[in-house]
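Sequences are here, hints too, so could you generate the full structure?
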Amino acid sequence: ETGVTQSPTHLIKTRGQQVTLRCSSQSGHNTVSWYQQALGQGPQFIFQYYREEENGRGNFPPRFSGLQFPNYSSELNVNALELDDSALYLCASRNGQETYGYTFGSGTRLTVV
Amino acid sequence: AQRVTQPEKLLSVFKGAPVELKCNYSYSGSPELFWYVQYSRQRLQLLLRHISRESIKGFTADLNKGETSFHLKKPFAQEEDSAMYYCALTSVTGGGNKLTFGTGTQLKVEL
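Heads up: the sequence lines are chains A and B, in that order. Positions 1 to 113 (the working numbering) are the ones given, in order, by the first sequence. Positions 114 to 224 (the working numbering) are the ones given, in order, by the second sequence.
Everything labelled a hint here was simulated from the structure, so no lab data went into it. Check each hint, because a few of them may be wrong.
[Stated by the list, open to error] Here's a subset of chain B near chain A, in silico, CB distances under 8 Å, partners left out:
1) Leu157
2) Leu159
3) Phe214
Built from N, CA and C at the ideal position, the CB exists for glycine as well.
Put into structure tokens, the structure is as follows:
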């Protein structure tokens with residue numbers, strides 16, 4: 001399967017809960033990044049994984065964590081959800097040998113109430 | 114710290130008119146700049162990067178290090194150019210690469 005797919009497409013959670021978002025990267029792409037896009041803003045870098053290890057992190061607290069698996073899938077976990085976590089979460093993957101050419105997923109819209 | 118600024122939230126032009134979407138950046142190193150586009154109900158996709166110096170869909174962008182700008186230009190706007198455009202800069206962080214995006218400019222091409 002080609003392309004980047006994310007699930008679920010929409011999600012509603014209550015403040016304080018935990019959430020797991022999933023991403024299936026494009027075949028052969030060993031680097032995956034996660035971005036948070038709040039309404040009216042550009043995507044903001046959360047973290048990046050390369051060969052199942054985190055190798056870059058943006059200005060997000062530790063309650064944002066992730067995993068990358070050998071089958072090119074990955075997860076974004078957020079604990080103790082806050083209202084401000086409401087946003088579109090984007091997954092992007094690429095071949096680690098390149099410095100460009102990210103393929104983005106359609107995103108998961110998370111609403112925290 | 115790196116930053117990308119897109120001063121216009123919305124740019125409205127008539128079909129056939131020239132288009133210029135502004136992008137300014139701040140970065141202490143040697144930047145690599147990109148333009149990403151998001152058409153209605155589609156995912157974010159790469160439009161062009163400054164290193165390739167190519168024209169995609171009639172769009173070009175020149176990196177001006179003196180003015181720290183990377184404006185996106187097209188001489189004649191088409192209706193299908195209506196979309197959200199994001200300027201982005203890449204930087205290396207802890208061995209990885211991250212994209213820093215601007216807030217985006219919504220381009221609306223009117224008939």
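Leucine 157 (chain B) was flagged as interface toward chain A. Is the shortest Cβ-Cβ separation under 8 Å? holds, 4 Å
Once the shortest beta carbon distance from phenylalanine 214 (chain B) to chain A is found, is it less than 8 Å? Holds. Min distance 3 Å.
Satisfaction of the leucine 159 (chain B) interface hint, Cβ to chain A closer than 8 Å: holds, 7 Å
Checked against the numbered hints listed earlier, the structure breaks none of them; every hint is satisfied.
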